[in-house]
Each structure stands twice: as C-alpha cells, then as structure tokens.
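Visitor: Here is what each chain is made of, one letter per residue.
Number of protein chains: 4
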Amino acid sequence: MVEHVREDASDPNATEIAFAEQSRRLADLGRGFYSRGWVLGTSGNFSAVITADPLRLAITSSGVDKSELAPEHILKVDDDGKVIAGSGRPSAETLLHIAVARLRNAGAVLHTHSVWSNVLSDAYAGAGGVSISGFEMLKGLEGITTHEHSEWLPIVENSQDMPALAHAVEDSLRRHPGAHGFLLRRHGLYTWGKDLAKAKRHVEILEFLLEVHGHSQK
Amino acid sequence: MVEHVREDASDPNATEIAFAEQSRRLADLGRGFYSRGWVLGTSGNFSAVITADPLRLAITSSGVDKSELAPEHILKVDDDGKVIAGSGRPSAETLLHIAVARLRNAGAVLHTHSVWSNVLSDAYAGAGGVSISGFEMLKGLEGITTHEHSEWLPIVENSQDMPALAHAVEDSLRRHPGAHGFLLRRHGLYTWGKDLAKAKRHVEILEFLLEVHGHSQK
Amino acid sequence: MVEHVREDASDPNATEIAFAEQSRRLADLGRGFYSRGWVLGTSGNFSAVITADPLRLAITSSGVDKSELAPEHILKVDDDGKVIAGSGRPSAETLLHIAVARLRNAGAVLHTHSVWSNVLSDAYAGAGGVSISGFEMLKGLEGITTHEHSEWLPIVENSQDMPALAHAVEDSLRRHPGAHGFLLRRHGLYTWGKDLAKAKRHVEILEFLLEVHGHSQK
Amino acid sequence: MVEHVREDASDPNATEIAFAEQSRRLADLGRGFYSRGWVLGTSGNFSAVITADPLRLAITSSGVDKSELAPEHILKVDDDGKVIAGSGRPSAETLLHIAVARLRNAGAVLHTHSVWSNVLSDAYAGAGGVSISGFEMLKGLEGITTHEHSEWLPIVENSQDMPALAHAVEDSLRRHPGAHGFLLRRHGLYTWGKDLAKAKRHVEILEFLLEVHGHSQK
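Chains as they are written, first to last, in my numbering: chain A, 1 to 218; chain B, 1 to 218; chain C, 1 to 218; chain D, 1 to 218.
Next comes chain A alone, as it looks inside the complex (with noise of 0.2 Å):
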C-alpha cells in the first residue's frame, strides 16, 4: 500500500482503475483486521474515496464475513449513498463514512469492532471519551509529531438512526477538530486518513492504545 492511487475524476478510464486498485486493497486490509480479531462476524466497514468532487466512494457491502472480503464485495457508491457499481446492498453505516471522509478530507475511513473498543467505549461512557497521552505510538497519528501529546477519542453514543448518528458523528468531529478518531459506544472505532495506507496505520496505533489503557487500568 505504498503508492498513493491517483483520483481523477476527469479520466473515466483513471477512475475505474482506481477502483479496480482501491477494492484489492481494502479487501486484502478486511482479511487482516479479520485475523486480529477486529471484525468477527461481519462487522466492520471500509471505505476509500475513489474521486473527492464529486465524491464517489468504494465502500465494503453488508454483511459480508470480512475472512473472506474479497474485491468483488465492494461497491462504489455516490455522495447519497447510493449504489453505482457493483453488486450487493452498502455498508449500512455508508452514511457515516461520507460525514468523515468530508469533514476530515479523508482519503479512506476505516471501521473496526474490536474487544477494546468496546470494552473502553462503555468504560468511558460518562466521562464523553478516552483520553491517551504521552504514547509514542501517539506520533504515528497525522500531524503528531511528539509523544508529549494528549489525544481524546470522542464516544458518540451508539444508534440505529442513521440519519441522526451522521449528525451526532459531525457534530463531534466539529467540536474536536484534532481528534483522530472516534468511538462509538458498545459499538467500535472510527478512523481515517489520507490513503488508505495512513488509515490503516491509525486504526493498528488506535487499537493498540486502546489495548494498552484496557491493561493499564487493572
């Protein structure tokens, strides 16, 4: 995943070989979340953006039991959600994967479920997020450049509205213009970057901090 995939939305020809490109990837980036035990029993949903203007997504479908996430199992869809390429219903949660990848400019969200999310997220619950500081692990988030740094991850509280859970996600993005991720309670992480590459990297870093602060508190 060195390489960043070129977008251009003028290239029809560029832009389906970007999709080609962006499917292989998230489907080989799906079975290893997998193996790690981070989206057991088809949860977990990711996405990256194949043109930012207008946006056009690939985004996993529902559904789908992330061991065998394959490139055939991922959609492109357009700035409604809706379905433009390929086959299968989207990722439930496509609604939110277009909130992040707007408001955060991002190249790739990524969702995962993972036991620590979900035990911290509850932890946590009252106290609106986790805060992780001082973790050189830390400077492998975009922008982060020293472990003297305090990250809060924000817990939004869980829903099946997904109108108004997109609303709830935007709204604290906007009041934590710094965070790198985000929570959703007794639900899992969200994170992003500006390729796919990057993505990956803050969900293996958030994941392990998580983790960490899980062992810490015993």
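Everything labelled a hint here was simulated from the structure, so no lab data went into it. Cβ atoms here follow ideal geometry from the backbone N, Cα and C, with glycine treated the same way. Among the hints, a few may not be true.
Stated by the list, open to error - Straight-line C-alpha distance at most 16 Å; calculated EDC-like pairs for lysine to aspartate or glutamate:
1. B:Lys-139 with A:Asp-161
2. B:Lys-198 with A:Glu-142
3. B:Lys-194 with B:Glu-142
4. C:Lys-194 with C:Asp-161
5. D:Lys-194 with D:Glu-142
6. B:Lys-139 with A:Glu-68
7. C:Lys-139 with B:Glu-142
8. A:Lys-194 with A:Asp-161
9. A:Lys-139 with D:Glu-16
10. B:Lys-198 with A:Asp-65
11. B:Lys-198 with B:Asp-161
Claimed, not checked - Partner residues aside, some chain D positions facing chain A, computed with beta carbon under 8 Å:
12. Ser-67
13. Val-119
14. His-167
15. His-187
Place chains B, C and D on chain A using the hints.
Guide: Only chains B, C and D this time, still in chain A's reference frame:
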C-alpha cells in the same frame, strides 16, 4: 460460504453433492476456529443439516484434532445419531446437535470450547445465564435489528448422560425461545443458524461478546 | 497425526522410517506451538519414542528457534541421553524426557513455556500444585471419561542440576500417579501421551485450562 | 537464521552479499513481529551490523508498515546515521541503534512496541526499571546459565531529542552493564544480540517475561 447449499431429499445425487460441499465447508470452518484457540485438544463439534425431513446431519467425527479437520472426518448421521456414511465415531454430542437442529429449525449447529465461554459459564452459573445488552455486535444475531437488545445466554449444567443433557438443552431452549445460543457450564458455547455462514457469524459474535464481558468485569 | 508410527526394534529399516516420520511430525508440532506463543525464544523441547526397549528417543536439539524447527533439528538419543544420530546438542532437558517416557510408558513427551504455565506455577508454588476440576476439557486427558474429575498438576521446583531435577520429577510422578502433566515452577509445562497426537492433545488441553484458571482468579 | 553472516570490511563484495542477506532476514523478522502485534502502525525498527569498523548498519527505513517489510525497505547507514545505500529515510531512532551497537558490541539491535512493554514501562517508571527473577526463560539471555538470575530492565524516559535520548540510553547501558535490554517509557523495548538470531531470541524472551509479569500483578 455465500451460497445456500440446496437440500433436496427427493434427489439423492443432489444430497450427495450437498454432503460433500458441507463437509468441505465444515472442515474449513473447524480449522479456522482452531486457529483462534476455540477448539483446542480435539474439542468442539460442528454440524450442518443435509436434509431436514428425514433429518440427516453432516457432523464431525469424534476426537479429531481440529487443526487437521478434513472432509474425510465428516460423517452423515440420521435422526438417531446413527452413522449412515463416512467412517469414524460420530461426535459424542450428536444428540445435542439433533436436538438443537430440530427445536430451532437450524441449518447448522456449532459448538466451541473457548476460554471465555468456560470462564463466564462458571462465573454466572448461579445466575443461570449471562446477560449481554446494548452492543452493536448483537445486531448480527438473527432477527435482531438494534443494539438495544438484551440477549440472555442460558447456562445449562454439564452432564455425561447425553440423553439427559439433550433434554435439559431442549428444556432450556423452550424456556428461552429468543436465545441465540446457550452455554454448557465449564464446557462451552452452542449456537446455530439457518445455514453454516449464519451459524459461523453467531459463533464469532457470541465469543466476541463473552470476551468483552470478561474484560469488563475486572 | 492420525496413524500410530510403528516401533520395531528388530527391524532397523522400520526404525529409520519411524525416526524420519517422527522428526517430521515433531517439527510440524513445534512450529505450531511457536505460533501460539508457547515456545518462544528457543524454549521448549519435544520428544517421541522410537523404540521402548532399548529406549531410543527422537528429541529436539538444544537452542533451536521453534519457528524454524525442521526434521534436521531432531536427534536420536539413547537412554543415557547420548546422541546416536543427527547433529547438534540434545535438549538440555533430555534426562527429563527419558524419566517421563519411562515412568509413564509414554510414546511422546512435550514441554512448553507458556505465559499461563509460568504465571500459575509461581502463584500456586506454595500449594505445591494447581487443582483443576469440573471442566469438560478434562475429558480429553487419557483415561478420563467425565468432567467430574479433579486434576492435580504438581509443581516441581526448578533446578539447573538436571539429574537432581529428573529425580524430583520422578518422585513427583510416583506420588501423583494419576497426574497427566506437571509444572516446573517459573519454567513451564510437561505432559506426555501414548503417541505424539495424544501428547499434543494433552498440551492443548492443559494450556487451555491454565489460561481459563488464570482468567478466573481475577 | 542459523549461520552467522560474515562481516568483512576488506572485501566489498562480501559486504554487499552480507547486506543483501541481512536485509532479507530483517524483513522476515519484521513481518513475524508484526504478526505477533509487536510492531503495529509502522512502529518498531530493526538493524544488523554489516561491518563493525567502520560501523555500517543495515536498518529499516522510517514509517514502513511492518506487515509488508521487504528487503527494499532496508537501508545501509554509516556511524553518523547517514544513508550510504538504499532509498528512504532511515529510522528516526538510528542514533539509538548506533549507540547500542557500539556500547554492547552487538551484531543486531531490535526495537519493538508491544502492549506489555508499554504497560510496564509506565507502571514501573517510578522505580526506574522492571526486575524479573527466577524464570527459566532468563537462561536464553546471553551469558545467563541459570534461572536464579535477577534481570533488571532499566526504564529510560522517552524524548524526541534523539541525540539527548541516545546519551540517556548510553548512560543507562553504562550504569547497567549486565542489562540485556531496556525500556523506553510509554514507548517500547530495545534489545540486541551478537547476531540477528540471538537478538530475535532476546526480543521473544523479554516480551514473554513482560507479559508474564503483567498478568502476575493482578
């Protein structure tokens, strides 16, 4: 595991194809669960319904190291648990699979022996079950459309008297018609689904939630 | 690991075939245990009996990274632990394997260094052993047909004086004839079986139960 | 990783072969550590000495996803940390590797970011180090022949001022000449060995002992 394997009792050839296909899938699934540490030491057993009426199950033979589970280790049994095809002794818990398949009209029944199912089935034995509420992961359970769901996993006391245990399981399943699984105390988890893919999803969801619960209690 | 490798002291050719086959199986098993984190840092040692009388063992040579364990790392030793075939130093704990193989008439002896065997062999050192009762998983131990079994895993104090340690182990095995394994304090687990497959099953069962026990104490 | 790669400063051809071979081994090792969760989110860095005098290190370039670590990601640097061969920025911690390689006359220096090194380097920061005694696993550390050994892992306060941090590390290594590794607080573990295989063994042993220690405190 995307397509639903067609069951057709009136076409023996289709039944043979279904048995071969289910055997292959059960073997893949078993080796996957082994790698997660959920079926160590030849524990665990997995079945898939070949035909519902008369009831014919494809089920793991007894005492197989799940790291090496192969189609040749899968037997076909009838509704008394008698072996119709394949060589080996059927799983000692075949009667439980038959009971569950019948009562829940399941397409597949899966039984794992994980660390957390053992820890929690013992810790909550006095309460008679484990209650898990409010997690998004619950939405992956059949018929559940919201995280605002309270799942009760009954704990059935373990026994070596298999007919008696089967009755205790049937009794529990009748008293808790909404339960998507149950725990055998100091033994493990049983769950099922309309087909093998759905049952696998249920295993992953329930094992995940048990681990979350286990880490949350400390 | 399904067939029992025939041991025939009267047929040298069969013995050579048995040694080659056991070497291959020991290597596969060792790499598998490494992936579980049970034999990190060149720890652990595994043996299989080639002939019982005279006693000839196939045993791992000393200091091998178990992630790379291959048949060429397996030596054949006699009942004094002297190398008969293969190159390398035999495992430092060869005398323990010989002691266990003899006293328990075992076909294979396996020794792992897991996190939980280390944690619990220390926590229960004062008690002299770890008691594990009532788990279905105990049924996978040789001769055990019910979960209503109380398994006592003796804890032997570690020592660098290998002959003395072998005597302490023999003494413990005689005092606890029903034990299916023992722990060396702050060192690890020893278990055995009639053949390599059974010994592997015992390792998995005991390591599993130690982890369950470890998580239950908190 | 069985043979010791010959270092020969007088034979440039041999040096090139050594660099290529070490690059391959470093890449294999890195991907292995990634699978254990010890170098997530592009963290971690690994080096091997190509020639001791003048000092030439093969070292991981900065910001590489260790799941994809390949020989092309390994650079050759001189004793000021300047890149002599390969493309990319050298690891930000190159100065630490040089300091350790020199002071300990090491053949390889490895740095991991595990959960337990982070948890314990923080928990014991006030004590200035973590003491680990009496474990058989300690025998795998260079020069240690008995479990009756007390290993002190100094904790050095983390810093982004790399020359200052290198001095702090050198100071700690001089004050604790017997230490086989050290922890950077809320950062990770550094260890080394006469060659890459020995350094890998040290990583595995120390990470194992940190995890044992972590589970024993509760």
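Visitor: Each hint needs a verdict: does it hold in this structure or not?
Guide: Cross-check of the supplied hints:
no.: 1; hint: B:Lys-139 with A:Asp-161; result: 14 Å, holds
no.: 2; hint: B:Lys-198 with A:Glu-142; result: 38 Å, violated
no.: 3; hint: B:Lys-194 with B:Glu-142; result: 9 Å, holds
no.: 4; hint: C:Lys-194 with C:Asp-161; result: 28 Å, violated
no.: 5; hint: D:Lys-194 with D:Glu-142; result: 9 Å, holds
no.: 6; hint: B:Lys-139 with A:Glu-68; result: 20 Å, violated
no.: 7; hint: C:Lys-139 with B:Glu-142; result: 33 Å, violated
no.: 8; hint: A:Lys-194 with A:Asp-161; result: 28 Å, violated
no.: 9; hint: A:Lys-139 with D:Glu-16; result: 34 Å, violated
no.: 10; hint: B:Lys-198 with A:Asp-65; result: 10 Å, holds
no.: 11; hint: B:Lys-198 with B:Asp-161; result: 29 Å, violated
no.: 12; hint: Ser-67; result: 7 Å, holds
no.: 13; hint: Val-119; result: 5 Å, holds
no.: 14; hint: His-167; result: 18 Å, violated
no.: 15; hint: His-187; result: 4 Å, holds
Hints 2, 4, 6, 7, 8, 9, 11 and 14, counting from the list given before, are not met by this structure.
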